[in-house]
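> Given the coordinates of chain A, work out where chain B should sit on it, guided by the hints.
Read off the chains here:
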Amino acid sequence: MIAALAKHGDWPQAAIFNDPTKVKFVPLIADNRFTALQSGEVDVLSRNTTWTMSRDTTLGVDFAAVHFYDGQGFMVHKSLKVNSALELNDAAVCVQQGTTTELNLADYFRSNHMSLKTVTFATADEAIKAYESGRCDSYTTDSSGLYAERVLLSDPSANIVLPEIISKEPLSPAVRQGDDTWEDLVRWTHHAMVDAEELGVTKANVDEQLKSTNPEIRRLLGVEGQFGASLGLTNDWAYRIIKTIGNYGESFERTVGQGSPLKIARGLNALWTKGGLQYGLPIR
Amino acid sequence: MTDFARSSRWYGRRIGWFALQAGLLVVVGGLAYGAVVNASQNLARANIPTGFGFWNNTAGFDISQTLIDYSPSTSTFGRAFWVGLVNTLLVSGLGIVLATVIGFAIGLARLSRNWLMSRLASSYVELVRNVPLLLQILFWYNAVLKSLPELRGSVVLPGHALLNNRGLFLPRPQFGSDFIAVLAVTVAGIVATLILRQWARQRQIRTGARLPVFWPAVGMIVAVLLAVFAVAGFPLSFNLPEMGRFNVRGGIEILPEFAALLLALAIYTAAFIAEVVRAGVLAVPHGQTEAAQALGLRSSMALRLIIVPQAMRVIVPPLTSQYLNLIKNSSLAVAIGYPDLVQVFDGSVLNITGQAVQVVAITMAVYLVISLVTSLLMNIYGRATGVVER
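If you read the sequences in order, they're chains A and B. Here the working numbering is used: the first residue of the first sequence is 1, the next is one more, and so on. Here the working numbering is used: the first residue of the second sequence is 1001, the next is one more, and so on.
In short, the hints are calculated from the structure, not lab data. Check each hint, because a few of them may be wrong.
Lysine-lysine pairs mimicking DSBU-like chemistry, simulated, CA-CA at most 35 Å apart [claimed, not checked]:
#	chain 1	residue 1	chain 2	residue 2
1	B	Lys1328	A	Lys129
2	A	Lys24	A	Lys243
3	A	Lys263	B	Lys1146
Keep in mind that this is a model prediction, so the values were computed, not measured.
Only chain A is shown next, with the shape it has when bound in the complex:
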């Protein structure tokens, strides 16, 4: 999931360098991600990081835009015959440390008056391995992560994801506080991709769309206006993103959706015009 979302998020590089390969990916675990961003080891944290108030106000980071609406769920061994997270009283749950997941888990069990045995691991890999070996009854993380981990298990069909979603996990790329131009660039890259989907601009038809008469498309692709220049880029910035990566929907389906092994449904991440929450801010 980390790799998948990182790929999903390789847009700013396309915008700046005109080449998505001109970027250095630094793999981070939950434990050291904020420190790496704070200290300047990385410039954008495009991981499955939840945008919360305390992180926004006390960690010295800023969040650019919600590129994936997620929520925390539970996976259990099918042999336990559990159908709801509310039946998990007394269960041992494996969880990755230093995440909002760890906090939501304790909150959920407490508010439902259930007792809990948490087994905390530094990385998701260790947590899932312990779950698979039977150390825990359940593994919990964001539901996108659950589907991603499930296909990697030796017998995916012996595990089910419970229906309850116990938290709001708006995942967003994070940048260091104080570099506002960079933050703008990361934010508008996301919105340009969503706008492209709303306007029907795709990787395949982007060259034809350059001739479009629709003023919104003309502004998006840099035919009209100086929007790229105001970000410190060339005016065809969004054209280059769409040409190399595609619009939001294409990127979603390719990396985590139907075109990927994860098969995550659009759900909350559908466009607002189709009952979802993804809403591209206007470029004008």
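For chain B alone, kept in the frame of chain A given last:
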């Protein structure tokens, strides 16, 4: 060359040394000051709060092993720190005891004249000390985890203990109100035994006659204890572990993470301690053994009264560094999810609060204090048991 010339050159060299040391001190102090100023400026620029205000905020996350009261909803980050510290001290303390026992046994076995025993002991040392500790921890954890049965197939051990891949569950003793009397009688019995032993020894020195100590001691401690126990109506019951739907309820829970870490630390460090012990014993000249035999001491007495006390003088300093290694190595707990200080404080607390500088500094200071206290205690022990030079 005159005396004066020699002394002035000597002074010159001394002043040179002094200047060098002072210069070094200034450089080190300047670097430290620069680091502090740089860190605080960078934190201020990034709007990250400094100070220790986070200490009293609610933690909100759960910890799998808590020897002191802790609840995610009400306990603070500070409390989580203490929980982690106690867990570190528990695994280090037990690890030191176990490693010492195994290490001494293996070290002495390696010196044994029995071929099989000494070969086995040296194979143990060579095998264990040459495999990285992290791998050994992962081996024990995965071996312990994978080979144990699942909850429903729990092994029931004698005395209602349960063993499965969630851990070992022992009956938890619950003491009745009269148990204090039993405790008092036991303490009284032990004190009486010590007095008897002292008196018997003085009598042996005075008259040469030996008094039996062992059987009276058994009578004073065990028999009296059982009698009082029966009179008080057995004020001791056990809270037995029971199978719940998902987990075992009640009893004392020993986590597999704890067991794996303890085993790996003890077995690994024991290999080094065995070599320290062997070196210590070999350092005692063979003439000492011959002298003991000439005095008519049995070999067990010669070992206890002549060899070991002299060997200890050589053993204690390197033994101390093995203890310090074990304490620091216990932080490898992060690899298998045992909630030690580093896992809880540098993992969860650091990530939730984002206070990297403070959290890491506190953790380093704690390890420094634990290590300094350990070497202080070992130095006191070494001085108390060391051979007094006359």
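> Confirm or reject each hint.
Cross-check of the supplied hints:
Straight-line distance between C-alpha atoms of Lys1328(B) and Lys129(A) comes to about 26 Å, which keeps the hinted pair within the 35 Å bound. A C-alpha spacing of about 21 Å is found between Lys24(A) and Lys243(A), which places the hinted pair at or below 35 Å, so the restraint holds. For the proposed pair Lys263(A) and Lys1146(B), the alpha carbon gap of about 31 Å is at most 35 Å, so the pair holds.
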